[in-house]
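What follows is the residue order along each chain.
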Amino acid sequence: MGRKLPRKDVVIIGLGWTGSIMAYELADAGLDVIAIERGPWRNTATDYPPGYAADELRYRIRHELFLSPSQTTFTFRNKMDQTALPIRSWGAFMPPNGVGGGGVHWNAETWRFLPSDFVLKTHLTERYGAAFLPEDMTIQDWGVTYDELEPHYDRFEYLCGTSGQAGNVKGTLMEGGNPFEGPRSRPYPNPPQEQPFGHTLFGKAARDLGYKPFPQPSGNMSRPYQNPLGVRLGPCTYCGFCEWFGCGNYSKASPQTTVLPALVRKPNFTARDNSEVTRINLDSSGKRATGVTFVDAAGEEWEQPADLVVLSAFAIFNVQLLLLSGIGKAYDPETNTGVVGRNFTHQTISDVVSFFDPTKFVFNPFIASAAIGMCIDEFNGDNFDHGPHGFVGGGYMGQIQTNGRPIETTPVPPGTPLWGAQWKKAVKENYQSAMKPGTGVHGSMYSYRDVYVDLDPTYTDRFNRPLARITMDFHDNEIKQNKFLTDKFAEIFQAMGARQMVKEYRKAPYDVTKYQTTHLCGGAIMGSDPGTSALNRYLQNWDVPNLFVLGASAFPQNAGYNPTGTVAALAYWAADAIRSKYLKNPGQLINA
Amino acid sequence: MVGWKMIGFPGIRYDYRDWVGRHNERYPHPPVSIAGRADWTPAKS
Amino acid sequence: MQDFAAVERGRYLTSAADCGSCHTIPGSDHPFSGGRPIETPFGVLVAPNITPDRETGIGAWSDEEFDAAVRSGRRRDGKRLYPAMPFPYFARMTSEDVKDIRAYLSTIDPVRNPVTVNHLPFPLNQRMAMAVWDELYFTPGIFKDEPSKSKQWNRGAYLVQGPGHCGACHTPKTFLGGDESSKPLQGYTLQGWVAPDITSGQGPLAQWSRDAVAQYLKTGHNQFAAAAGLMGEVVELSTSRLTDDDVKAMATYLKDVSGPKPTADSSADAKVLTAGGAIYQDLCSACHKSDGTGVPNLIPDLTHAATVNTGDPTTVLRVILQGAQSVATDREPTGPAMPAFGWQLNDEQVSAVASYVRNHWGKAQREPTEASRSRHEVHQSEPEQDAKPK
Chain A
1 MGRKLPRKDV VIIGLGWTGS IMAYELADAG LDVIAIERGP WRNTATDYPP
51 GYAADELRYR IRHELFLSPS QTTFTFRNKM DQTALPIRSW GAFMPPNGVG
101 GGGVHWNAET WRFLPSDFVL KTHLTERYGA AFLPEDMTIQ DWGVTYDELE
151 PHYDRFEYLC GTSGQAGNVK GTLMEGGNPF EGPRSRPYPN PPQEQPFGHT
201 LFGKAARDLG YKPFPQPSGN MSRPYQNPLG VRLGPCTYCG FCEWFGCGNY
251 SKASPQTTVL PALVRKPNFT ARDNSEVTRI NLDSSGKRAT GVTFVDAAGE
301 EWEQPADLVV LSAFAIFNVQ LLLLSGIGKA YDPETNTGVV GRNFTHQTIS
351 DVVSFFDPTK FVFNPFIASA AIGMCIDEFN GDNFDHGPHG FVGGGYMGQI
401 QTNGRPIETT PVPPGTPLWG AQWKKAVKEN YQSAMKPGTG VHGSMYSYRD
451 VYVDLDPTYT DRFNRPLARI TMDFHDNEIK QNKFLTDKFA EIFQAMGARQ
501 MVKEYRKAPY DVTKYQTTHL CGGAIMGSDP GTSALNRYLQ NWDVPNLFVL
551 GASAFPQNAG YNPTGTVAAL AYWAADAIRS KYLKNPGQLI NA
Chain B
1001 MVGWKMIGFP GIRYDYRDWV GRHNERYPHP PVSIAGRADW TPAKS
Chain C
2001 MQDFAAVERG RYLTSAADCG SCHTIPGSDH PFSGGRPIET PFGVLVAPNI
2051 TPDRETGIGA WSDEEFDAAV RSGRRRDGKR LYPAMPFPYF ARMTSEDVKD
2101 IRAYLSTIDP VRNPVTVNHL PFPLNQRMAM AVWDELYFTP GIFKDEPSKS
2151 KQWNRGAYLV QGPGHCGACH TPKTFLGGDE SSKPLQGYTL QGWVAPDITS
2201 GQGPLAQWSR DAVAQYLKTG HNQFAAAAGL MGEVVELSTS RLTDDDVKAM
2251 ATYLKDVSGP KPTADSSADA KVLTAGGAIY QDLCSACHKS DGTGVPNLIP
2301 DLTHAATVNT GDPTTVLRVI LQGAQSVATD REPTGPAMPA FGWQLNDEQV
2351 SAVASYVRNH WGKAQREPTE ASRSRHEVHQ SEPEQDAKPK
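One line per chain: the protein sequences are A, B and C, in this order.
Going by our numbering, the residue at position 83 of the first sequence is 83; the numbering climbs one at a time, nothing skipped.
All you need for our numbering is the position in the second sequence, starting with 1, plus 1000.
All you need for our numbering is the position in the third sequence, starting with 1, plus 2000.
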C-alpha cells in the first residue's frame, strides 16, 4: 500500500460526465471532494483549438483523444469456449481517456429512454407472455422508473443546453417532436439545430410514408446558451468535426463546457490527472470502502482514504475495478450466479448507404454536427407490435450523417475498384450526392446469459493486474431485429429517390474490429434483487454501502438510443439520493 | 489538397453557419489545409 | 481591540485597491507576503512583504507610518517610494479608508519573508532622484467631490482615481513614467499588453453602455470583450469583488471621461487586407463570426473591443501569436480562451490578419501592425498557451 494522503469526504474515480456531475453535486453539498483521473487534463484552446481541431488523421484515424491500448486494453472472444485475445487497436468501440472522458468526443446525441425500457421484463412479459422471450435472454427491470428519472433527465438537458423539439410536454403531444417519448416537464432549453439538405429530405420522405420524423435531440448548440451553473456555450458552426473530436469553439456540451468551469472554482474540490486507481480498498469486514489506491504519472503508489467512494470510470473499467477489488460476487455464466460482470451489452447498429443522381443532388456532407439529423422512433423499444415479427427490441433510425471527412466518408457504389482511376472517378462523382448516415439504425441490444465480463486468465496490464475479458456475440433476436429495422430504413431512402442502396445489416459473429458505437453497457447493473444486480436502485453497491457506481455499467440491458442522457440522469438521481438520504444516515439505502 | 479540390471538400474551415440552410447549392469556397492556403499570404506588388 | 466593521471595510478596500495583485505571488498560499517582481519602464522592482510580520513585514509600523507610505510615498525611514507603488492615486483616498486597510492587513497571517525591493541600476537605484519625480508628477490631496455631479458619479470617480488606480495602467506616461495628466485614461502599453484607451466621447468605449462597462468590471465579460492578461488579474482580484453599486459607480464616472477619436490610418495595403480577410474567414470566424461580432459574454466582439479599437496593436498581435486565457469569475465562470496561432501563421500572416481586424472594424491603426517585433517580445515572456500540434 502506497503512502497515505490526507482523508477526504469523497473520492471520485474518473472525471468524465458522471464524475464531473457527481463531484459538482457533492462539492456543492459542502463535502471535500477529490477526483482521480487516469488521463490528462484537457482544455478547449490547448487540446483541440479550431486551428487543428479539424485534423481527421490525428483524431479520427490515430485516435488522439482515446485511451491508448498500450496503456491498457481488454481481451475479447465471441464464445465461452474460445480463447480471448487482447485488442491491440480499437475497433468496435472507443474507450475514452482524460478529463471530460467520452464527453469530449461524443456526438452529443442526448436521448431519453422510453418509459417501458425501465420496466422491460415486466412490460414484455405482460404484453407477449414469458414464452415470447428467448430462453437465454436475461433482461431485467431497472428498479427505477421513467417518472422518477424525469427531473434528472431535465437537469442534464438544461445543463447541456440540449437543442431539440419536445414531443410530449406533460402528456400533451407537440407537433414536430417525438410522439413516442415519455412526458417531459418542459421543452428543451434550445430549439432544434438547423438541418442540412439531406437531413431535411429524409424528414420529408419519412413524413410522406406516414411516420412522424423529428430532429435528433442535440448537445450541439442551436444558439448561444448559459446553463444554470452560469457556464456559457457558443452556437454550433456545423464544422463536421465533432464526434471523435473535441469541439474547438465551445459549442458542444461536454464536462469542459458545462460543469468543470464551475466545479474548479469550488475550494473544496481537487483533481489529480494522469493518475490511475488500481484498487478500491476495503476494511477487514469487507463491507466498507476505506478509499482507493492509485498510481501517479511517476509510477508512485498512493493511498487516498475517503468516507465515500464514487466509481465513475467508463463502463467496463467500472466492472474491472469491482472485480479486482473483490467487491460483489463475480458472475458465473455456468451456474448463472454472481452479479459483477453479468448483463453486459453493446448496441445493434447498421446503416444504409445510398447513392443519388449527382446532377440533381448536392448534399454538402461536410456541413454537419454530430447530433444533427432527422429521426423516426416508430420502430424503437415496444413502440410497435412485435407479435408478428418474432423478436423484441428496436431502435430509432435516421439520416444523422455527421460529416463528409474525406478519409472516412467517400462512399462509392458496389463494384467500384478499391483504388485507381475508376475509384477516383467514383469518389468524385458520388461525394456530393451519396448519403452515409453512419449509425443510422440505432438498435437495442438485450442481455444474455453468455454475454458478460470477467477477468482474463492469461493477459495482464502494466500493473500486472488481469485484463477485463469480454465474451460477446449477437443472438438471433438482435439479428432479426436489425434485419427488420434496416429494411424499414432503406424504404425511406428509396422514397427519397436513391438510385442505388447498400444495406449494411448487422450480422453475427460480433466483429470487434468494426466500429459499432462506444455504448458498452452493463456488467455492474442496478436492480431490486441483490441476487441479480450489483447495485440498488440508487446505484449504491449492495455489499459496500459507501460505494456508488455510476455510468452505463448500471444498465440491465441497452435500449435503442444513445446512452448518455440516461447515464447522466442516473448520475443526478444517485447524487440526489446521496444528498437527500445517504448523508443524513450513511448506510444501505434499501433493505432487500 | 488536390483530392479535396476534386471532390469539393473545403478542408478545415470551421464555420458553415451561413451555408447550412442553403440547400442543394454547391459550396463555393476553396479548401483550406492546416497549413493554410495561398491566399493567406499577401500578394507581392 | 479589533473593530470588525473596520476590518471588513478594510478587506473590501484592499480588493478595491488591488493590493494583492502586486504584493502576492500568484498562486501563493501566503497572501501579501511580497516577492512578486513588478516590471517598470526602468527595470524590475519587487513588491515588499506587507503582512504583520514585525521584522520583514509591516507589523512594527504605526498607522501613521502606513498612511505615509500609502498616500505620500514615504518609507518608514522617510525615503521615497518608487511610483510602482501607486501612491499618487492612493493619495486621493481618505485617511479613514487607509486606516481600514491597515486594520484588515493586521488580521492576516504574519509571514516571515525578507524581500529586496530595489533591483534598479544606477542612478535609478538612488531614491534621491525620486524627489524630482515627486515634484513633477505627485500632487497630494484627497479626492474632493465634484458638486455638480451625482453621488454615484463621485463615488465612481473616487474609486477610479483613488484606490482603483486605473490610470496607473490606462493613462499615457511621460518618458519619466509620470502620468500625462492631460490625457487621462487614453491608453498605455506595459508588460507586453495594451491597457487600452477607455474613454468615451469619441473614444473606444463610446458605444459601450454604462451597464456594459459595469458588467465587464464585475464579471470580466460583456457583449463586447473579455478580460485577459493584466486586466484579467485586475478583474479577478479587484473589480469582481466590488459591489454592484460600486462597479456601476465606476462605470458612471468612466462613461463621463471623454477622449478623442483614435487617429485612423488607412495606409494598410489592400493586398495585406485581402490576405488578412482570407485568414480571418478561414480561422477566426469559427468563434468571432464572419462579421466579427462574436458571442455575447463568451467570444469578444472585435468591432467593439477596446483592445482592437485602440492605437497600439500590441495586445492584438500578442493574443494572435500566443493566445489568451480570459478571466473566470463567479458570475461568468466559463473563462473561455483564445488559442495560440503563432505555430500556424508566419509573421506576415499574423500582421495581415491583425491589420484586417483592426482596419476592417477597428479602424484604429496608428502604429504599423508588425508581428515580428511582437513575436520576439512574446518569446521573452512566459507563454500563456502552448498549443502546438504534436
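It should be emphasised that the hints constitute simulated quantities derived from the structure, not laboratory data.
One should not assume that every hint holds.
As the list claims (entries may be wrong) - Not close to chain A: a few residues of chain B, all C-beta gaps over 10 Å, as computed:
#1 1003
#2 1010
#3 1011
#4 1013
#5 1017
#6 1039
#7 1041
#8 1043
Claimed, not checked - Computed spacing ranges between beta-carbons, pair by pair:
#9 B/1022 x A/413: 46 to 56 Å
#10 A/497 x B/1026: 50 to 60 Å
#11 A/464 x C/2044: 45 to 55 Å
#12 B/1022 x A/186: 39 to 49 Å
#13 C/2096 x A/185: 45 to 55 Å
#14 A/85 x C/2025: 49 to 59 Å
#15 B/1026 x A/297: 48 to 58 Å
#16 C/2072 x A/303: 28 to 38 Å
For every residue, glycine included, the Cβ atom is placed at its ideal position computed from N, Cα and C.
Subject >> Assertion that residue 1003 of chain B lies farther than 10 Å from chain A (Cβ) >> reply: For residue 1003 of chain B, whose nearest Cβ neighbour in chain A is about 6 Å away, the distance does not exceed 10 Å, so it is violated.
Original post:
Holds or violated: 50 to 60 Å for the Cβ distance of residue 497 of chain A and residue 1026 of chain B?
Top reply: violated (19 Å)
**OP:** Hint says 48 to 58 Å; check whether the CB-CB distance for residue 1026 of chain B and residue 297 of chain A agrees.
**Re:** Holds, at about 50 Å.
**OP:** Indicate whether the distance between the beta carbons of residue 2096 of chain C and residue 185 of chain A respects the range 45 to 55 Å.
**Re:** holds (54 Å)
Subject >> Assertion that residue 1039 of chain B lies outside the chain A interface [Cβ separation over 10 Å] >> reply: Non-interface label stands for residue 1039 of chain B: nearest chain A Cβ at 17 Å, farther than 10 Å.
Subject >> residue 1010 of chain B remote from chain A - nearest C-beta pair above 10 Å >> reply: violated (6 Å)
Original post:
Does the Cβ distance between residue 1022 of chain B and residue 413 of chain A fall inside 46 to 56 Å?
Top reply: violated (27 Å)
Original post:
Has the hinted range 28 to 38 Å been met by the Cβ atoms of residue 2072 of chain C and residue 303 of chain A?
Top reply: violated (56 Å)
Original post:
Taking 39 to 49 Å as the hint, is the beta-carbon distance of residue 1022 of chain B and residue 186 of chain A inside that range?
Top reply: Check failed, 33 Å falls outside 39 to 49 Å.
Original post:
Between residue 85 of chain A and residue 2025 of chain C, is the Cβ distance one that fits in 49 to 59 Å?
Top reply: holds (54 Å)
Subject >> residue 464 of chain A versus residue 2044 of chain C beta-carbon gap, inside 45 to 55 Å or not >> reply: Holds: the Cβ-Cβ distance is about 53 Å, inside 45 to 55 Å.
**OP:** Please settle this one: residue 1013 of chain B was flagged as non-interface, so is its CB more than 10 Å from every CB on chain A?
**Re:** violated (7 Å)
Checked against the numbered hints given earlier, this structure breaks hints 1, 2, 3, 4, 5, 9, 10, 12, 16; the rest are met.
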